[in-house]
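Engineer: We have chain A; now place chain B onto it with these hints.
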Amino acid sequence: MSRRPARPSVPVTIDGEEHLAYEGETILDLARRVGVRIPTLCQLDGLSVYGGCRLCVVQTEGDHRLKPACATEVTGDLEVTTSTHEIREHRRRIVELLFAEGNHICAFCVSTGHCELQDLATEHNVDHIHYDYEYPRNTVDASHPKYLLDRDRCVLCTRCVRVCDEFEGAHVWDIANRGSESRIVAGLDIPWGESESCTWCGKCVLVCPTGALSFKGRSTGEMVHDPEVISFLSRARREGEWVGRKEQV
Amino acid sequence: MSTPNGNGNGQPRKLRFATAWLGGCSGCHMSFLDLDELLFDLAEHVDVVFGPLTDVKVFPPDVDITLVEGAVTNEDNVEIARAVRANTRVVVSFGDCAVTGNVTSLRNAMGDPDPMVRRVYVDHPDINGAMPTEIVPALLPQAEPLHELIPVDVYLPGCPPSGERIRNALFRLVESLEAGEGIPDMDWRTPDDLRFG
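If you read the protein sequences in the order shown, they are chains A and B.
Take the first sequence: its position 70, counting from 1, is numbered 70 in the working numbering, and each next residue is one higher.
Take the second sequence: its position 183, counting from 1, is numbered 432 in the working numbering, and each next residue is one higher.
With the rest of the complex left out, here is chain B:
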């Protein structure tokens, strides 16, 4: 990163960075960890304030960047996505499930999810078959891409987006926000940065 991280005098406030995990397999988060040693570079510029990698229960205010993995597939996802949007400057739709619905949306063509849940939790188990009613959030009629529920600022497709693809987008975004330039133009992206799947 070319942006000076500064120390002592005039050190810029670190960006507040979050990730959220909706209806996805966490593969995008695994891929985020594939940034490997670049995570140290990133840590010089951001504080991680929320996500599966922290033990924070409530989405905090004044977040600069949030990567949102997964489709919106249940009531809990709706709540988290709305909290993310209300408290984040730049919401990134992170990976194919968030961007397109992807695997999570496969159930949509089969209609009402209730018979599917019943098949798995009531018909299939050998013992104690019952419909889940507590703790497990209710499924929505359809799994939808994130932008169907909340406005999204940046789309980062891929299943999962590779570490390199995440680096290309995220570091440019960090650089741009630190320079006070807002959301950067994403036209620089090559097919390698864009391809679904």
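Isolated chain A (complex conformation):
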């Protein structure tokens, strides 16, 4: 991401309030800057835009299709609505489908209480899943000496894929297969522990929104991720803020 122009100049209306956006700014960035909450899952400041989860969809005036706020740049006189009954229902269904297609048993997850999927469920008043559960037969990769991949808890947000490629430059992770067969694989589908490109940096673990990637040895509720580290690194790199972080990881 390049540095911003000095002054915001693009008039945009969000939920009836007028704002000035920077040229090239996304609807999501603008909303966050002016304090409007739009839920997200795959998006992480500092990583490239994926637009895969569709939780951040918003309505724009004159277009009946919902658009992902993370992947839509502002244009002049854009009118954005971030929260209607339809939008909230759409988001709730996405959350429910994520639960239905995995084996997210929160009760004994390493990340329970610190999970972005769990938080999104409560935010959208999900008290049960309307869809039939898939109960897929997924595999766990425990071959790495330090880290664990539990595919039952993966939502395929690709944060790990992107951070490994874009920050660490190792590109250990990819998504294999398509559709409901999609799954995270190391290398060309080898055990993670046998990957020669993995540097053991742990950034993939830090950015994971659920309990899919964790430090080994963590028990129920003990895995707290820290995706903010990547946002910090990205911002510091962009703005040249090479200063220490107050609370070190």
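Keep in mind that a hint or two might mislead.
Here's a subset of chain A near chain B, in silico, CB distances under 10 Å, partners left out [as the list claims (entries may be wrong)]: (1) 105; (2) 108; (3) 115; (4) 122; (5) 123; (6) 127; (7) 136; (8) 138.
Computed beta-carbon distance windows for the label pairs [to be verified]: (9) A:180 with B:430: 40 to 48 Å; (10) A:71 with B:366: 44 to 52 Å; (11) A:175 with B:364: 30 to 38 Å; (12) B:364 with A:169: 40 to 48 Å; (13) B:381 with A:175: 37 to 45 Å; (14) A:175 with B:285: 46 to 54 Å; (15) B:283 with A:238: 46 to 54 Å; (16) A:85 with B:421: 19 to 27 Å; (17) B:411 with A:85: 27 to 35 Å; (18) A:140 with B:368: 14 to 22 Å; (19) A:166 with B:400: 43 to 51 Å.
A short list of chain B residues far from chain A (calculated; beta carbon distances all over 12 Å) [claimed, not checked]: (20) 289; (21) 295; (22) 302; (23) 323; (24) 331; (25) 373.
None of these hints come from the bench; they were simulated from the model.
Note that the Cβ used here is the ideal one computed from N, Cα and C, for glycine as well.
Structural biologist: Leaving out everything else, chain B in the frame of chain A:
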């Protein structure tokens, strides 16, 4: 509770309250007991007519509220769940096993339960290994959330739902039924009242 329990003239009929225990660990029932002294308040408003805490064998008619713990995982669960639905005004899916399948549904991804039962009861024991055929109800092919089998009116997630969470939902429900208002709107719930796990 603000609702007058009344005595003598005009005393309202106490609500008929039941609990049922399907495929779960009884942790939700333990958590129900964590209502502690509030159980006395609850007892002023309800009669407990069925559940593991009573010695009643057949699910009774005209029950107002039933908390159902556990996933539907065997043939006995199906029978009880159907009896609950047929005789209850407000069925509450009580805890994560009933709401999501939870731990009880872990077996689902492994397919047919028969090899698992065989491993435990035939292969593993040192003596008298045999497939259970009597008394133990047959497992269903999959453990399912309660709402896959019967319509559910209120969902109370949590593993287990805390005593406070049970209190918040149950007392509101009792109050609403006593006032003749039916099933209350559950939109008041905060993340603390909703979170799975």
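Engineer: Does each hint fit the structure? Answer for all of them.
Structural biologist: Each hint, compared with the structure:
1. 105: holds, 6 Å
2. 108: holds, 7 Å
3. 115: holds, 8 Å
4. 122: Check passed: Cβ of residue 122 (chain A) comes within 4 Å of chain B, closer than 10 Å.
5. 123: Result: holds, 7 Å to nearest chain B Cβ.
6. 127: holds, 4 Å
7. 136: holds, 6 Å
8. 138: holds, 7 Å
9. A:180 with B:430: 40 to 48 Å: Because 43 Å falls inside the window, the suggested range holds.
10. A:71 with B:366: 44 to 52 Å: Holds, since residue 71 (chain A) and residue 366 (chain B) (Cβ atoms, about 49 Å apart) stay within the stated range.
11. A:175 with B:364: 30 to 38 Å: Between residue 175 (chain A) and residue 364 (chain B), where Cβ atoms are some 32 Å apart, the hint holds.
12. B:364 with A:169: 40 to 48 Å: Check passed, 46 Å falls within 40 to 48 Å.
13. B:381 with A:175: 37 to 45 Å: holds, 43 Å
14. A:175 with B:285: 46 to 54 Å: At 50 Å between Cβs, range holds.
15. B:283 with A:238: 46 to 54 Å: Check passed, 51 Å falls within 46 to 54 Å.
16. A:85 with B:421: 19 to 27 Å: Check passed, 24 Å falls within 19 to 27 Å.
17. B:411 with A:85: 27 to 35 Å: holds, 31 Å
18. A:140 with B:368: 14 to 22 Å: Given range 14 to 22 Å: holds, Cβ gap about 20 Å.
19. A:166 with B:400: 43 to 51 Å: Holds - the Cβ-Cβ distance for residue 166 (chain A) and residue 400 (chain B), about 48 Å, lies within 43 to 51 Å.
20. 289: About 28 Å separates residue 289 (chain B) from the closest Cβ of chain A, which puts it past 12 Å; holds.
21. 295: holds, 23 Å
22. 302: It holds; residue 302 (chain B) is separated from chain A by about 24 Å at its closest Cβ, greater than 12 Å.
23. 323: holds, 17 Å
24. 331: The assertion about residue 331 (chain B) holds, with a minimum of 19 Å to chain A.
25. 373: Holds, since 23 Å exceeds 12 Å.
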